[in-house]
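As they're listed, the protein sequences go chains A and B. FYI, in my numbering the residues of the first sequence are 7 to 377. FYI, in my numbering the residues of the second sequence are 122 to 247.
Misleading hints may appear alongside valid ones.
Facing chain A, a subset of chain B residues (Cβ under 7 angstroms, in silico) [as the list claims (entries may be wrong)]:
(1) 130
(2) 132
(3) 133
(4) 158
(5) 164
(6) 165
(7) 166
(8) 167
(9) 225
(10) 227
(11) 234
(12) 238
(13) 242
Computed footprint of chain B on chain A; a stretch qualifies when at least three of its residues, placed anywhere within it, have a C-beta under 8 angstroms from a C-beta of chain B [stated by the list, open to error]:
(14) 90-98
(15) 122-135
(16) 138-150
(17) 319-327
(18) 330-337
Which residues of chain A face chain B? A few of them, derived with a C-beta cut under 8 angstroms, are [what the hints assert, rightly or not]:
(19) 71
(20) 74
(21) 80
(22) 81
(23) 84
(24) 85
(25) 157
(26) 158
(27) 279
(28) 315
By construction, these hints were calculated from the structure, which means they are not laboratory data. From the three backbone atoms N, C-alpha and C, an ideal C-beta is built for every residue, glycine too.
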Amino acid sequence: MNAVLKDPPQQPPLEVHESRDFRSYHAFLRAARNFMEGPLVVAMYGQYEAAAAPLPAAPDRQAAEAIMDELLPFQLYSWAFRHLQRFKYHRPDLGIFATVQAQREALLERLDAAAASAAPDELRLDPALTPPPYFQYVPFHQHTGGVTHDELDGICYEIGRRTTVPSHSDPNGIYRLLFDTLPQDRDYARVLDWGTGHGAALITWKDLHPKSECHGVDLSAPCLKLAHQRARERGLQLFLSQQDLEHLDYPDDTFDLIFFNFMLHELPPAHTPALLREAHRVLRPGGLFAGHEFDLRPGDMFQNVLQRSHAWLNNETYSVPWYDTPIDAIARDIGFTGIHIEPFERLNRSVLRPGKSAVNANYWNLYQLEK
Amino acid sequence: MPPRASQKNALLEGPVLGEEPLFLDQLPNDNLVGALVALTAEVYILRERLQTMESELEQRKVLPPHAIERHESNAAERDARNADLAQFTARILAELGRDRTPVSTIDPRVAELMTSYADLKRDGHL
Chain A
7 MNAVLKDPPQ
17 QPPLEVHESR
27 DFRSYHAFLR
37 AARNFMEGPL
47 VVAMYGQYEA
57 AAAPLPAAPD
67 RQAAEAIMDE
77 LLPFQLYSWA
87 FRHLQRFKYH
97 RPDLGIFATV
107 QAQREALLER
117 LDAAAASAAP
127 DELRLDPALT
137 PPPYFQYVPF
147 HQHTGGVTHD
157 ELDGICYEIG
167 RRTTVPSHSD
177 PNGIYRLLFD
187 TLPQDRDYAR
197 VLDWGTGHGA
207 ALITWKDLHP
217 KSECHGVDLS
227 APCLKLAHQR
237 ARERGLQLFL
247 SQQDLEHLDY
257 PDDTFDLIFF
267 NFMLHELPPA
277 HTPALLREAH
287 RVLRPGGLFA
297 GHEFDLRPGD
307 MFQNVLQRSH
317 AWLNNETYSV
327 PWYDTPIDAI
337 ARDIGFTGIH
347 IEPFERLNRS
357 VLRPGKSAVN
367 ANYWNLYQLE
377 K
Chain B
122 MPPRASQKNA
132 LLEGPVLGEE
142 PLFLDQLPND
152 NLVGALVALT
162 AEVYILRERL
172 QTMESELEQR
182 KVLPPHAIER
192 HESNAAERDA
202 RNADLAQFTA
212 RILAELGRDR
222 TPVSTIDPRV
232 AELMTSYADL
242 KRDGHL
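With these hints in hand, go ahead and build the complete structure from the sequences.
Listed below in structure tokens is the structure:
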């Protein structure tokens, strides 16, 4: 289907020069985030427990929200969750945007050179593609203007990711955890990264499965160009295309595996069935649609309130209706079989409290839908 | 459409479509002073190490006595320092006077897409 290169040409690495001060500044922001997600959550939970204990019954969500809203740690957490992003991107000298823009010419020259060397099926960009309104309405994660408005958005997003999941010393560890959960006895000859962004997950897959023909789709041309650059740096070949996941130009029954990372919560329910239907169409019979996603831990109102707060704090706007979207029912209606949705325990992080039960701040589910 | 984001409490009730909310309306001044004192301690620690470094450099004759105190910037350095000072000051003090316009804008039409799956199904949209 695609021309596979035995030895794809290798590009020298594209690196953003990060001054000592940049590194110190962002190290501090990471530490602030770690504090927010660790000791502050512990303090918050202790106060929540104390406030909930005298109640005649375990609080429902509204009661839990009312309790949390009065807790100073929750107020601080909310401020930090929202504004550390601003500090990360917008400091006039050491913010990500300013640092990357200061090196604009050199970075664009490298990105464009790599893009120009791509074979037509390796990097298919569509300048005429209009992102769907749901994508345009929300600058996810407060990335000002979204990730499609500036040619350097892919690079900014890649750097920003480092402080989104700071607890993982290997930023790609999260993808390996997902890949480890897939049935190991299958031949994933052709795979699609559903919303590939800057390609980190797809490159991780390709490293682990060199014989896989690896495709990635995203709405963001800047992200795809960076994905292509990063693949070339490692001498890897990917087939990247700028498309709407609801209208893919792949034939029916193309892929053995479609994987995703934290995509479902970025999609409004009005579009979820159509997006999954399209994924089903391009999967081969027996193919797998698999990924991991944020969810609300059943019966854990503290975690639920905290998780839901991220929707408004960090422009994960569609995640609130996502939490009530019955993916299993939608998948069954579409024709998926073998629907497995279970807690992704290896990824679920608990905040440890010596001598006490751990606190669940985040919660993920693992999805495997078979065609 | 979710209710408007509260401007008083930290718990937001929808996407931020207008001004930045106030999260810390109830932050006690005692706590602010505590953070200031903690930061001042850190600044002193840095100051003391700088003093020590100056002293060590002088004692080991890497720098002549009072070199730091007597350092005279040339015109270019003075200009650079002044610019740096202005930016440094602005960065800190700008936080005090920052207006409440969010740095990223959500299109208010997002409200049209916030309908739950159950409501969409009920109303025949899916």
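| field | Per-residue hint verdict: residue 315/A, partner chain B, C-beta under 8 angstroms | value | holds (7 angstroms)
| query | Regarding the hint that residue 130/B lies at the interface with chain A, is the smallest CB-CB distance below 7 angstroms? | reply | OK, holds: residue 130/B within 7 angstroms of chain A, min 5 angstroms.
| request: With a cut-off of 7 angstroms on the beta carbons, see whether residue 166/B makes it to chain A. | output: With a minimum Cβ separation of about 15 angstroms from chain A (threshold 7 angstroms), the hint on residue 166/B is violated.
| Against chain B, does the stretch 122-135 of chain A show at least 3 residues with beta-carbon separation below 8 angstroms? | It is violated: at least three residues are needed, and the stretch 122-135 of chain A offers just 0 whose Cβ sits closer than 8 angstroms to chain B.
| Hinted contact residue 234/B with chain A - closest CB pair below 7 angstroms | Given a least distance of 4 angstroms, the restraint on residue 234/B holds.
| Would the stated hint for residue 164/B survive a check requiring a Cβ distance to chain A of less than 7 angstroms? | violated (14 angstroms)
| Close enough to count: is the Cβ of residue 167/B nearer than 7 angstroms to one in chain A? | This hint is violated: residue 167/B lies away from chain A, its Cβ roughly 12 angstroms from the closest one there, beyond 7 angstroms.
| task | Have a go at the residue 81/A hint: is there a Cβ in chain B nearer than 8 angstroms to its own Cβ? | result | Interface hint status for residue 81/A: holds (4 angstroms vs cutoff 8 angstroms).
| Do three or more residues from the stretch 319-327 of chain A put their C-beta atoms closer than 8 angstroms to C-beta atoms of chain B? | Since three or more residues must qualify, the claim that chain B covers the stretch 319-327 of chain A holds, with 6 doing so at under 8 angstroms.
| said: Holds or violated: the hint that residue 238/B contacts chain A, with Cβ atoms closer than 7 angstroms. | reply: holds (4 angstroms)
| request: Under 8 angstroms, Cβ to Cβ, is where residue 157/A needs to be relative to chain B, so tell me if that hint holds or is violated. | output: violated (19 angstroms)
| Given residue 85/A as an interface hint, is the shortest Cβ-Cβ distance to chain B below 8 angstroms? | The hint holds - residue 85/A has a Cβ within 8 angstroms of chain B, the shortest such distance being about 4 angstroms.
Figure legend: structure checked against the earlier numbered hints; hints not met, in rising order: 4, 5, 6, 7, 8, 13, 15, 25, 26.
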